[in-house]
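Just so you know, the sequences run in chain order A and B. Residue numbering for the first sequence follows the numbering used here, starting at 1 and increasing by one per position. Residue numbering for the second sequence follows the numbering used here, starting at 1001 and increasing by one per position.
To be clear, the hints were calculated from the coordinates, so they are not data collected in a lab. The C-beta atom is built at its ideal place from N, Cα and C for all residues, glycine as well. One or more hints might be untrue.
What the hints assert, rightly or not - Derived CB-CB ranges, DEER-like:
hint: 1; chain 1: A; residue 1: R135; chain 2: B; residue 2: V1387; range: 25 to 33 angstroms
hint: 2; chain 1: B; residue 1: P1198; chain 2: A; residue 2: R147; range: 29 to 37 angstroms
hint: 3; chain 1: A; residue 1: I80; chain 2: B; residue 2: K1235; range: 31 to 39 angstroms
hint: 4; chain 1: B; residue 1: Q1351; chain 2: A; residue 2: L148; range: 54 to 62 angstroms
hint: 5; chain 1: A; residue 1: V55; chain 2: B; residue 2: G1460; range: 42 to 50 angstroms
hint: 6; chain 1: A; residue 1: R147; chain 2: B; residue 2: Q1018; range: 16 to 24 angstroms
hint: 7; chain 1: B; residue 1: E1202; chain 2: A; residue 2: P25; range: 17 to 25 angstroms
hint: 8; chain 1: A; residue 1: R135; chain 2: B; residue 2: G1419; range: 30 to 38 angstroms
Stated by the list, open to error - In silico DSBU-like pairs for lysine-lysine, Cα to Cα no more than 35 angstroms straight-line:
hint: 9; chain 1: A; residue 1: K114; chain 2: B; residue 2: K1383
hint: 10; chain 1: B; residue 1: K1235; chain 2: A; residue 2: K114
hint: 11; chain 1: B; residue 1: K1235; chain 2: B; residue 2: K1103
This is what each chain is made of:
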Amino acid sequence: MSTRLVSAGFLAVALVVLAQAFMIPDGGGYQAVGPRAFPLLVGIGMGVVAVIGVVQAFREPATREGEDEGVHWRPVLLLIGALALYAVLLAPVGYWQATTLFFVAVARVLGSRKPVRDLVVGLLLALATYLLFDRVLGITLPPGLIRLAI
Amino acid sequence: MSVLGHLLDGFAHALTLQNLLLGLLGVTVGTLVGVLPGLGPATTIALLLPLTMVFDPVGAFVMFAGIYYGGMYGGSTTAILLNIPGETASIPTTLEGYPMARKGRAGAALATAAIGSFVAGTISTVVITFLAPGMSAIAKSIQPAEYFSIMVLAFVTVTSLMGDSIVRGLSSLFLGLAIGMVGIDQMTGQPRLAFGVPDLYEGLPVVALAVGLFAVAEAVATAARRNLQEQPPVKVTGRIGMTRDDWRRSWRPWLRGTAFGLPIGSLPAGGAELPTFLSYNVEKRLAKDPEEFGHGAIEGVAGPEAANNAAFSGVLVPLLTLGIPTSATASMLLIAFQIYNVQPGPQLFDQQPVLVWTLIASLYIGNVMLLVLNLPLIRLWVKLLSVPAALLTAAILTFATLGVYATSQSVFEILVAYGFGLVGFVLRRAGYPVAPLILGAVLGPLMEVQFRRALAFSEGDPAVFFTRPVSLAILVIAAACLIGPVVLRRRGKISMPAAMD
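Let's have the full structure, built from the sequences with the hints guiding it.
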């Protein structure tokens, strides 16, 4: 991951914070300090540090010493996809159903080649946590389409 | 009531059957999660936080004391057997513990870590039992301007001690402060940095933030790794225990480690990194045979482990009496307090005596439980290390999601956790420490309160932070801590411990 890119990202965030801070109305009335002062302070501080960060990042060699450049993006992107689907499907499909599928998918993305084992482990884990939280601890989890008889 | 009276009262609450079982559960689950590679104590607490929410506050904090110690001990096990430090403070342990394990001395390394932690933890707990109430009394007299300056000092020291770049640490800190400001301003009702999104009006959820930055980020990092076939852990052969010679070589490092960890940890500044590295260097210097260091010198495990544990207990002093966390793990504890609507700080000992004293009593009990549980069960914990990484990661993500959802019933918070998982992954890859981020997000809102109070007293004059002598002195120290390391590094006077992750 490029430190240059990330340092530029920090600068962008700093500018957003500053812009937002300036837009906060500061008519605190009787108050000596309104809601704007602290965000401004943080925005300025972040901006200064971010500028130094960018300058440093562009002075250094592009890759840091000893850094392993090999990020495998394919599994990372697949993992992000699995996470997004899981978050969206959790409520409509049901907790233990979605969790089982998610477990198998993540294990697969991370290189597991034993889908049956993953399915069994995932199902047991999902059912155990569902029953523990929903039935024992009283924290409601989405039941989904297939409801358990217990 | 006297300190001893309060403490006895705390023991009476902690020693009920329910709370003892919760403590046992905490130590066990804490070790279980902490022993997993890459999961340090902060991650362990983030993952287990939701589990504690179903209990009453006292029960939950008894459990926390267990998780706190269990997570830390689990971390040193991974450091010794896998050469993977779960957090920065465990790096010295890997330097000597792993070579010891490879020489077939894993049993002795694990034992000196456990017994040293017990000794350091117990001494530290006794000291903070008597120190904390006094500190709390002093803390009550601290005015807003000084409070603000102390927080600045805490931020600066924690940031300048973590990672190899102060600029990257500060960037991370400011990002955390900005994140902490998102939402409706408590005093005026003005939305800030919310971009008109109603879900953000209540602020970014800190539990989801922490779970994302620690647990989800670790899972993404696992996915990005080139080679999942990591080296297997070193087999634990032979007896878990120490020879007479090991004892002889360990007891002084334990005590010296405690002497470094406790005072530094108790300051509203240090954290656990400095004392462990300090202890390691001192043991190396004092050793009869410095050549052995790097090849499995038991002093290099005994000292830093004791220092780490003592600092962990010491960190509770600024956390409980000032409400200032000085490590990622302490930030997690502050989040836990806030979930129960308990605000640590000068009033805590007056307002929540049962909670505080039960927590302190639980620290004594947790320490004993850890020693009794872990030495005999260590072989069982080690088995966990042979679970395939794919399944472990899938399980971690499942629990992370469950935890966030169980506390919030909100898909939005799950997405926040996932989003910050990616942010945490990117930051770590680029060499930015995440501990200052979480610290800024948690402590920032409290800092703003003191900032505005101080300015209200001075009728808006910002010079108040520099004209009050104590405040000025603290800020000068903070500036020295910020600039000092930069100057020293430029001149090549000190070499900071090698890369953090």
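So, going through the hints one by one against the coordinates:
Evaluation of the 25 to 33 angstroms hint for R135 (chain A) and V1387 (chain B) yields a pass: the beta carbon distance comes to about 27 angstroms. Our hint of 29 to 37 angstroms for P1198 (chain B) and R147 (chain A) holds, since their Cβ atoms are close to 32 angstroms apart. For I80 (chain A) and K1235 (chain B), the Cβ-Cβ distance of about 37 angstroms falls inside the hinted range of 31 to 39 angstroms, so the restraint holds. At about 43 angstroms, the CB distance of Q1351 (chain B) to L148 (chain A) disagrees with the hint of 54 to 62 angstroms.
A beta carbon spacing of about 34 angstroms between V55 (chain A) and G1460 (chain B) contradicts the range 42 to 50 angstroms that was offered as a hint. For R147 (chain A) and Q1018 (chain B), the Cβ-Cβ distance of about 32 angstroms falls outside the hinted range of 16 to 24 angstroms, so the restraint is violated. Between E1202 (chain B) and P25 (chain A), the C-beta spacing of about 20 angstroms keeps the proposed range 17 to 25 angstroms intact. R135 (chain A) and G1419 (chain B) have their C-beta atoms about 31 angstroms apart, which keeps the hinted 30 to 38 angstroms range intact.
Annotation: proposed proximity of K114 (chain A) to K1383 (chain B) holds, straight-line Cα distance about 20 angstroms (limit 35 angstroms). For the hint pairing K1235 (chain B) with K114 (chain A), the CA-to-CA distance comes to about 26 angstroms; that is within 35 angstroms, so the pair holds. For a cut-off of 35 angstroms, the pair hint linking K1235 (chain B) to K1103 (chain B) stands: about 10 angstroms separates their Cα positions.
Hints 4, 5 and 6 from the list above are not met by this structure, while the remaining hints are.
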